[in-house]
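K.L.:
For this one, chain A is given, so just place chain B on it according to the hints.
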Amino acid sequence: MNREVLEVLEKDAKATLKQISAMTGLSVNQVRKTIEEAEKNRVIIKYKTVINWKKLEEERVQALIEVKIQPQKDVGFDAIAERIYRFPEARSVYLVSGAYDLAVFVVARTEHDVAKFVSDKLASLESVQGTATHFFLKPYKEDGEILEGQEKVRRQPLTL
Amino acid sequence: MSARRSVRRSKREIISRRVGRVSPSGIRKFFDLLSTMDDAISLGVGEPDFVTPWHISEAGISGIEKGYTMYTSNWGMPELRQELARNLAARCGVEYDPDRELLITVGVSEGLDLAMRAVLNPKDEVISPEPTYVSYESCTVLAEGVFVPVPTTVENQFRVKAADIEERVTSRTKAILLGYPNNPTGAVMERADLEEIADVARRHDLLVISDEIYDQLVYGIKHTCFASLPGMKERTIFLGGFSKAYAMTGWRIGYAAAPAEIIEAMTKIHQYTIMCVPIMAQMAAIEALKSGEAAVREMVADYDRRRRVMVKGLNAIGLSCFEPKGAFYAFPSVKVTGLSSQDFAERLLLEERVAVIPGSAFGDSGEGYVRCCYATALDDIREALRRMRRFVQRHRL
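From first to last, the protein sequence lines are chains A and B.
Residue numbers for the first sequence follow this note's numbering, so the first one is 1 and each next one is one higher.
Residue numbers for the second sequence follow this note's numbering, so the first one is 1001 and each next one is one higher.
So here's chain A without its partners, still in its complex pose (with noise of 0.2 Å):
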């Protein structure tokens, strides 16, 4: 599978196909060709847009949940995991190593969702022994992208 198609792809998800058969030398039905396989076996997962909502004032809260772990007789970590990544507010689930055991990012519309979703969802799983809920407070960089204060550097304009 042609990478550069891929890393062009990463960085702009818009890219057309004539604009990337452009930038990697292939043609266009080279292009589209590495574009389905990849669709096909999910090496591409899905396009994305990061947004600034903190723009639009939308009241929106983020909070990474550290969740430890009992893990149950016969089932592995993978089990308890799937029971908490099919809840929609859990955006992103890794186990990880450490202190803690599973790593919840959680995304709501209030602080209060958090609390229910943790509460009402988390906590009452019978593996789950304890977790601790960190709230995102201001958000700097996001998906490889600084969001504020990105002050745009300008270049001499001739250079020999």
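Careful: at least some of the hints might be erroneous.
[As the list claims (entries may be wrong)] In silico EDC-like pairs for lysine to aspartate or glutamate, Cα to Cα no more than 16 Å straight-line:
no., chain 1, residue 1, chain 2, residue 2
1, A, Lys138, A, Glu148
2, A, Lys18, B, Asp1379
3, A, Lys152, B, Asp1193
4, A, Lys48, A, Glu10
5, A, Lys152, B, Glu1298
6, A, Lys11, B, Glu1298
7, A, Lys48, A, Asp12
8, B, Lys1222, B, Asp1193
9, A, Lys11, A, Glu126
10, A, Lys14, B, Asp1049
11, A, Lys152, B, Glu1195
12, A, Lys11, B, Asp1193
13, A, Lys46, A, Glu10
14, A, Lys11, B, Asp1038
15, A, Lys11, B, Asp1302
Honestly, the hints are just simulated from the structure, not real lab data.
Remember, predicted model here, so these are calculated numbers, not experimental data.
P.N.:
This is chain B only, laid out in the frame that chain A set:
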């Protein structure tokens, strides 16, 4: 004041004849024009559009924080020269003694000036391919040498032929000055081409000054370091730097690698005129050498994509352009419009608000071409191409 005759001199007497012989920059007019426009797209830059990778900047900043704010050795910090020696051995295949054969300079600009002043006697000749980077001739003239250009052509993809160099060798020829990958053409030299030039240097006992500032910016080929050719290390002044590969133009840091005798002479000038390169730039450069490789690879991959877009786009609108395999310049022909490169650039800027550099700024053999830098945001490249298409349609013969 007494009534004695005033000793007012004419301007011509104030400025030395040597400086008077140096021609002023050919793009001053464009610069003034361009600075009055805020909707113009400039393809006229000669530097990366990336900011220095953060880990490199951070090394410079934390150096200042720790109090590294003083002079260093005239040659450059020993740690930097050791890292550089390691890097050149691994990357270019040439071994240099970090204590005697390396000098850290204020970019290749200073390195070139030092090299010229260290080796040229008045009227010594320097042979160099043309189109040529603007400071080659000026530095030669300032060192009281004579610049002998060798025209190169698109038919040979702007590579210089050894025979064309040899034709110009006289008893006064002291050095061959090469700049590949090339600014402004983007041309690169194959190893076999360089071997033939090495042969000329050997037969006529010439020095070779090789400016390899763009050595890491090559696409689909392997760059050959001139000094790595058999027998060439002892007659080559190898100039390189951090500006282009690591996006560090504003740090002003580069290096010269050459036989000890030449480095010694260059350092003599350097210590009295520059003293040393700013220590923060040296600390950042150490970090660049130690762990900058991944960042370089990523930037080169990015330039390569934009290169393809630029070259394909130029050819599609009728400005025929050979495939440049180095640096970040495309050098299309504007002959289809019948305009001189100066007129083309001027009218393109006025009518369509796109700035390019006329090829004539790089010598007579650049006439009929313009330099377009693709180290510019992709969207700007695409928009510039749209505007240039309109322009070419209007002016096509």
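K.L.:
Now look at each hint and say whether the structure bears it out.
P.N.:
Status of each hint after checking the structure:
1. About 11 Å separates the Cα atoms of Lys138 of chain A and Glu148 of chain A, which keeps this hinted pair within 16 Å; it holds.
2. Restraint check for Lys18 of chain A and Asp1379 of chain B: the C-alpha separation of about 14 Å stays at or below 16 Å, so the hint holds.
3. As the CA atoms of Lys152 of chain A and Asp1193 of chain B are separated by approximately 43 Å, the hinted pair breaks the 16 Å bound.
4. Of the supplied pair hints, the one linking Lys48 of chain A and Glu10 of chain A holds, its CA atoms being roughly 10 Å apart against a limit of 16 Å.
5. Annotation: proposed proximity of Lys152 of chain A to Glu1298 of chain B is violated, straight-line Cα distance about 21 Å (limit 16 Å).
6. Proximity of Lys11 of chain A to Glu1298 of chain B is assessed by CA-CA distance (about 12 Å); at most 16 Å being required, the pair is judged to hold.
7. Restraint check for Lys48 of chain A and Asp12 of chain A: satisfied, since their Cα atoms lie roughly 10 Å apart, inside the 16 Å limit.
8. At most 16 Å may separate the alpha-carbon atoms for a hinted pair to count; Lys1222 of chain B and Asp1193 of chain B meet this at roughly 13 Å.
9. Taking the CA atoms of Lys11 of chain A and Glu126 of chain A, the gap is near 42 Å; set against the 16 Å cutoff, the hint is violated.
10. Between Lys14 of chain A and Asp1049 of chain B, the direct Cα distance comes to roughly 22 Å. Violation of the 16 Å bound is thereby established for this hinted pair.
11. For a cut-off of 16 Å, the pair hint linking Lys152 of chain A to Glu1195 of chain B is broken: about 45 Å separates their Cα positions.
12. Between the alpha carbons of Lys11 of chain A and Asp1193 of chain B the distance comes to roughly 38 Å, so the proposed pair goes past 16 Å and is violated.
13. A C-alpha spacing of about 10 Å is found between Lys46 of chain A and Glu10 of chain A, which places the hinted pair at or below 16 Å, so the restraint holds.
14. As the CA atoms of Lys11 of chain A and Asp1038 of chain B are separated by approximately 27 Å, the hinted pair breaks the 16 Å bound.
15. With a C-alpha separation of about 11 Å, the suggested pair Lys11 of chain A and Asp1302 of chain B falls inside the 16 Å cut-off, and the hint holds.
Hint compliance for this structure: hints 3, 5, 9, 10, 11, 12 and 14 are not met, and every other hint is.
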